[in-house]
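> Sequence:
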Amino acid sequence: MEPSANCKTLSPHDIYIQAERFRVDLTKEPYLIPLLKEAALTPLPPNWTELIHESDESGAGEQREDAEEFTQRQEHPKKRYRNDLTNEVQDMHPADKYFARQIKELRREARDEQQEEPTEPAITGGWMEFETLDAADGVMKKYYYDFVSETLQEAHPKLPLRDRVHGNMPQADPHVFEQADHLHKLSMMKKLDELEIMCFHAWWTERTQQTTKKSLVHIYFSIPTKHFQVVLEDTENVFTISHIVNHTNGKVLECWDLYVGARIMILGRLTTLMQASMLTSQWLDMHHKALQKQKEQLQTELLKYDMHDCHGRKALKRIDCANPHRSAPGTSLRQLRNDIDDLKHKLSKYRPDVTRRICGSA
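Residue numbers (UniProt numbering): 1 to 362.
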């Protein structure tokens, strides 16, 4: 596959534009840099068009040559967004509400952390890595910019980069998904536990007074890298995304969070995963059976010690009976793992040896 449309080269100015949009002071809130980077890279959803006022000439995309220019708050082109199906035009990017919620949540977490005793050294600075085309030899060269001190340098700062702190996510690599389409046309795989790409399908219908349009997307997820690739049916649009965060807790999504019925934010739209490929369904079923067996063993052992605890028995029964008719591909493995962690913690108070026997040393 060709590199996706959203793999664009960012400059510090792009991050400053996002900071201005969401009213973020990067000298005081550098922990928001990963989220602003994600906002800068988020493409428009299908059937949306970006409009720029023709009379607005500001050169927002001009190459910046020094640190002083990076920090200048020059007026950039006024952008508006049109829904091509309804012809409605709005000032906000369709994904802005999502990022505003995430910023609010991260600010709340930052306030809570300030009130607690630090368990590890805090990350200082607001360093981020960028690339620019060297006019002399025509190759891309790296440079580093600190949004706290507003300085630029070519050498690595030897400090953690803020845009790598959020889940330590590397840049999105579309080549990870080169075999994804072929792989998920298969009906079986010899070593299912070695599956590295999951595949889901989603669709939605958009209606206007004149037309009804159904959109179908194929969503691939790389288990090792946590990259997503979104392929829009009947178009040439392919988007490779370095990571997607959970819209409820702000954590980077992993394979355990994906199942039929899960709702994730894709291209600015909260999307329900409607269907899994055959290999993905088999992989989910395999892990569901293993985790469910482990959970039931822990419950059985814990009941021996909670016989006189009616509240404990009822709590266990509630966990056991949750979603009894849901198929394995439609079960949240994350919830199962959380249930197991809770049961392990309770049982280890009585029999840590039994807990280790059931769950292993991990």
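Bear in mind the hints are in silico, worked out from the structure with no lab data behind them.
Quick caveat, the model's predicted, so the values are computed rather than measured.
Hints should not be assumed to be uniformly reliable.
To be verified - Distance condition first, Cα-Cα at most 20 Å in a straight line; then the derived PhoX-like pairs of lysine-lysine: (1) K190 to K226; (2) K37 to K142; (3) K141 to K78; (4) K304 to K293; (5) K346 to K190; (6) K214 to K289; (7) K304 to K251; (8) K97 to K190; (9) K78 to K104; (10) K226 to K214; (11) K79 to K37; (12) K346 to K304; (13) K293 to K226; (14) K37 to K97; (15) K293 to K346; (16) K79 to K97; (17) K251 to K97; (18) K37 to K226; (19) K28 to K142; (20) K158 to K142; (21) K251 to K104; (22) K304 to K191; (23) K251 to K37.
> With reference to the structure, classify each hint as holding or not holding.
Taking the hints in turn, this is what the structure says about them:
1. K190 to K226: violated (23 Å)
2. K37 to K142: holds (17 Å)
3. K141 to K78: The given pair, whose Cα atoms are some 30 Å apart, is violated under the 20 Å limit.
4. K304 to K293: Between K304 and K293 the Cα gap is close to 18 Å, so the pair holds against 20 Å.
5. K346 to K190: violated (37 Å)
6. K214 to K289: violated (35 Å)
7. K304 to K251: violated (36 Å)
8. K97 to K190: violated (44 Å)
9. K78 to K104: Outside the cut-off at roughly 25 Å; violated.
10. K226 to K214: violated (28 Å)
11. K79 to K37: holds (18 Å)
12. K346 to K304: Holds: K346 and K304 sit about 12 Å apart, inside 20 Å.
13. K293 to K226: violated (27 Å)
14. K37 to K97: Judged against 20 Å, a Cα distance of about 16 Å means the pair holds.
15. K293 to K346: At roughly 17 Å apart (the allowed maximum being 20 Å), K346 and K293 satisfy the hint.
16. K79 to K97: holds (16 Å)
17. K251 to K97: It holds: about 17 Å lies between the C-alpha atoms, which stays within 20 Å.
18. K37 to K226: holds (17 Å)
19. K28 to K142: With a Cα-Cα distance of about 25 Å, the restraint between K28 and K142 is violated, given a limit of 20 Å.
20. K158 to K142: With Cα atoms ~14 Å apart, K158 and K142 stay inside 20 Å; holds.
21. K251 to K104: The given pair, whose Cα atoms are some 14 Å apart, holds under the 20 Å limit.
22. K304 to K191: violated (38 Å)
23. K251 to K37: holds (15 Å)
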